[in-house]
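Asker: Letter by letter, the chains look like this.
2 protein chains.
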Amino acid sequence: MSAPVIDFWFEFASTYSYPAATRISALAADAGVAMRWRPFLLGPIFKARGWDTSPFNLYADKGRYMWRDLERLCIELRLPFRRPEPFPQSSLLAARVALVGLDDGWGEDFSRRVFHAEFGEGRRIDEQAVIADVLSGLGAAAEQVFARAQCDDIKARLRRQTEQAQRLGVFGAPSFVTADGELFWGNDRLEQALRWAKAGAIERRAS
Amino acid sequence: MSAPVIDFWFEFASTYSYPAATRISALAADAGVAMRWRPFLLGPIFKARGWDTSPFNLYADKGRYMWRDLERLCIELRLPFRRPEPFPQSSLLAARVALVGLDDGWGEDFSRRVFHAEFGEGRRIDEQAVIADVLSGLGAAAEQVFARAQCDDIKARLRRQTEQAQRLGVFGAPSFVTADGELFWGNDRLEQALRWAKAGAIERRAS
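In the order they appear, the protein sequences are chains C and U.
Position in the first sequence (from 1) plus 3 gives the number in the numbering used here.
Position in the second sequence (from 1) plus 3 gives the number in the numbering used here.
Treat the hints as calculated values from the structure; they're not laboratory data.
Only true hints are included.
A few chain U residues that face chain C, going by a derived Cβ cut-off under 7 angstroms, partial list only:
1. K65
2. G172
3. W188
From the three backbone atoms N, C-alpha and C, an ideal C-beta is built for every residue, glycine too.
The whole structure should be built from the sequences, with the hints applied where relevant.
Answerer: Have a look at this one:
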């Protein structure tokens, strides 16, 4: 019997993807759920709504609240927090590199480290040097990885993933989509998504 | 030693205020926190953002998600759920009546019943007959209550409460504001707000 599967849609520029990426592996293991990490870009999805930046920048009150909420959340989770400037940062390079890493088996670790650099240390993940730093921490050959990350195959895959996310109804990050198509949005819905996936698996086993 | 206090800012047109209003009293009692029920109107706050309706109507993908999320939440909480039409409904009358009821000691019960009528039974709370129904269920004299709800004092108080909410940084409902000014937004932040208020009370006692 195979484990239930959840697609974990995340975006490196998304603040709440940071706690989600940090928490998800242990929670999924406890629940017996397999997690498929799916980087994508929110930019094109926001653009389709008529937004040219993060809604946290467009709506100042919501933005102020989000930063404080994230800070409190990081305190509760004992995660380091440092607000990055500027926000949001281009996540295109990080997302492409993550796709290479997910092929090679170091993609989840890479993604967690990128979120940590960005929101735990306030570093600029839109700078190739910062991504190279993260890669050397993993023992990956940065130059070779960058060459692969810029090839047409990876570029096209990231575009397709983003289009797929949009078709699934994803409009923010992090989002969790179960095998039966249920969408859960936000770090605070992670546990519920796991319960849903588990309950579905039990139902399928019983029938 | 007095109990820590949280202001519970809610709006009768707000979907997530329904589960929050239903859950809040038992959770607050368990936590030893006093809850001050503060009805307000989101309309003027949304208008200041340039929105003439709920963001769930302005952004179709977010709206679709919210209704499904609310439905799932109600299943988990064993709350009845029926999507009201139209959405959102004018909550002006209900909010004014709630202020009268909070003066008279039946405001919390009234508010829970209004949410139940609206999102549990799909009734129209913008109709005076529906509010009158709720009032008779409470044994309150509807005609007298309506007369008081339409007096200048109550009208002005609702306006002032809405302005106060806005000054506190409230931009959505439900919101919870602790005595030290911390803002928590959303039904899913209720437990965290209670933890915050309790921890602050322990700190003050220790010092």
